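Mind docking chain B on chain A? Use the hints.
Protein chains in written order, with the numbering used here: chain A, 1 to 429; chain B, 1 to 328.
Source of the hints: derived by calculation from the structure; they are not laboratory data.
Check the hints yourself; a few may be wrong.
Some chain B residues judged to face chain A by a derived CB distance under 7 Å, without partners named [what the hints assert, rightly or not]:
| no. | residue |
| --- | --- |
| 1 | 141 |
| 2 | 152 |
| 3 | 249 |
| 4 | 250 |
| 5 | 285 |
| 6 | 297 |
| 7 | 298 |
Values in this document were obtained by computation on a predicted structure and should not be read as measured data.
Cβ atoms here follow ideal geometry from the backbone N, Cα and C, with glycine treated the same way.
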Amino acid sequence: MKMTTFAALLAATTGLAAPAVAQDLHFPMLNYRTGPFAPGGIPFADGYQDYLTLINQRDGGIGGLPIRMSECETAYNTERGVECYESIRGDNPLILQPLSTGITYQLIPRVTADGVPLHTMGYGRTSAMEGETFPWVFNYPANYWDGASVAINYLLSQNGDSLDGKKIVLLYHNSAYGREPIPTLESLAASNGFELVLIPVDSPGQEQSSQWLQIRRERPDYVIMWGWGVMNAVAIQEAANIRFPMDHFIGIWWSGSENDVVPVGAGADGYTALTFHGVGRDYPLYDDIQTYVVDRGMAAGNGDQIGSAVYSRGLYAAMLAVEAARTAQELAGHAQINAAEMRAGMEALSITEERLAELGLPNFSAPFDVNCQNHGGGGAAMMQQWDADTQTWSLITDWIQSDRTLIGELATADAAAYATENNITPGCL
Amino acid sequence: MSDNVLFAMEAALNGVTVGIMYSLVALGFVLIFKASGIFNFAQGVMALFAALTLVGLQNGQIPFAPIINAAFGTSIHNFGWNLPSVVAIPLTVLVMIGMAWLIERIVLKHLVNQEPIILFMATIGLAFFLEGLGDIMWGAEVKRLDVGIPQGMSSWVDETTYNLFGYGFFIDTLSLYALGIAAVLVTGLVLFSQYTKQGRALRAVADDHQAALSVGISLRFIWVLTWSIAGIVALVAGIMWGSKSGVQFSLSLIALKALPVLILGGFTSIPGAIVGGLLIGVGEKLFDFLMQPVIGGATENWFAYMLALVFLLFRPQGLFGERIIERV
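The shape of chain A in the complex, shown without the other chains:
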């Protein structure tokens, strides 16, 4: 009897003393709210955090489990990004979205070894779309090469399906990020008969008079920009200075935020950029953000960024992460998923028009599916144009599909080279 009582007490004590098993879903945020690239990092981080807060506040989390957010400041610095990763890797992170191509390149081998899913939406290593070589890395719904291809497809549509004899300048951030589209554009130049002129801009890009003097001399038909941070605003200002037609100046989606055009004032009117999601805040979901997040004083920022281009992108990234977690829970049959189960959810993700409407984001994104072979989604994007009078972006095209045949060939070759270098045997997990 005494032994039974003792055993019961021991069991109760042991139970009490045992470490509490976390009943939550850890979504770490590798943000940059400081440093020269903070104007882009802050709205993305706010959009990401606000959506996760909405899910907690409105729905009680995902599958009944609250989302636990943790924030680590990278300052868009690759070393600090890796330090952030090292600090959270033991805390069951479900997904990482570092918003930096430099950090992404450093994290790919680490997350692969540790088994942590990495989602680089519209940035990062393009060939990571080859899921069999990069099982832990995803870059849906579109990647840089999709962006380059969509830009050229748009220009083809503007020029009677021929760019023969045209001259196109690629003005790019002289970094891993900026150099990503070069192979695709070189292939497209060869197949479409246009001349490609490459003009690099060293980071941060505060001074670009040499580049724009060269553009003035070259007299290109179009300029495509792959910039980030201050480089974008300076380039658009310089383009306005030399009276380059703004509707012939196309930015990648990271060169298409309010931060890039507002400082230029009226000179930026008509500037165009790609986007892989809707613009503005005319979506039902934003009403929920206002009600459940902003009005409750839980917004990550002061609420004035809601609906801006990069805020919407951060929100979209969070939405895709939550949808992947829901899919993972359905596949696993339980709510408390781990990183491996999250990865399976990301690989089975399906974004349909119906689901977007249910989420309060009708037509916000092109529908796409992810699978083991294709971690890159559909690759479609739209063109948006800046109106300096109303200070708004407007969509000027429907979804434009990238040339996935060409991109697939380039990605396969690049992924095969990576697999050989790193002794990886491609295959589905």
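Below, chain B alone, put in the same frame as chain A:
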């Protein structure tokens, strides 16, 4: 004249105007180094802070609004009025003078007679503090700065050069204004230091701290004066660069462009800052023009430092700097 010669002339002319923009940043460094021997790491951040303050005042932005809102549950962001530049600029000057006074009271006063490296480290701390303060006070979003300086291609230069050479040169009107503003600024600084009592005191301190103190010059006053002038120069640099790119936190990185200018011109010479800026500006534009077909461009960031390195090898004190002779 061949096209390439004309293009080279255009590049060199743009180098002159860009070089003056670099000089505007370098001047602030020179003023403080000359008077106190401190290499002010915070000069670039001071330019950023001044520009942020100017835009904030122009737009009637409430400083520290996010903190006030978080603390009191309010939702205030703006006073509801806009200040014209003629009012906002003098107010910003007052803010910069107030900041200079606080820097002297809180930082420099306690570091008198310390090694230069200690003072340098203090300015690194100051840079981080000011950057954070600017963020908290005015927010980190990119802001448009418009003080009425026109931008865009100078039609006058375009037409004149077209009539002369058959090819119109591009020069940004803003850069032409920068030339004029730099000329006024340097003239003003020279007149101030030569013909006013405070200016002479400043020169006396620059020559010999101990001797200046012995004749009753207040070192603390001179430091406030110097940092105030450097703050005003930072405001001018912030206006010119902020008008080009919008006011954003990368503005503080323009200090990186000033360092090779200082190495070339000398850390203690105001004319040296101007000449150094011109050499760097013209040199980097011509080098980029000539070497771009060979090595693909984007040479400006490293060319300035390479040129500075060559100068360090042959003339470490710079073109106009004082030769340091230390007895052993």
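These are the hints, each one checked on the structure:
no.	hint	verdict
1	141	6 Å, holds
2	152	5 Å, holds
3	249	5 Å, holds
4	250	3 Å, holds
5	285	6 Å, holds
6	297	5 Å, holds
7	298	4 Å, holds
In this structure, every one of the numbered hints holds.
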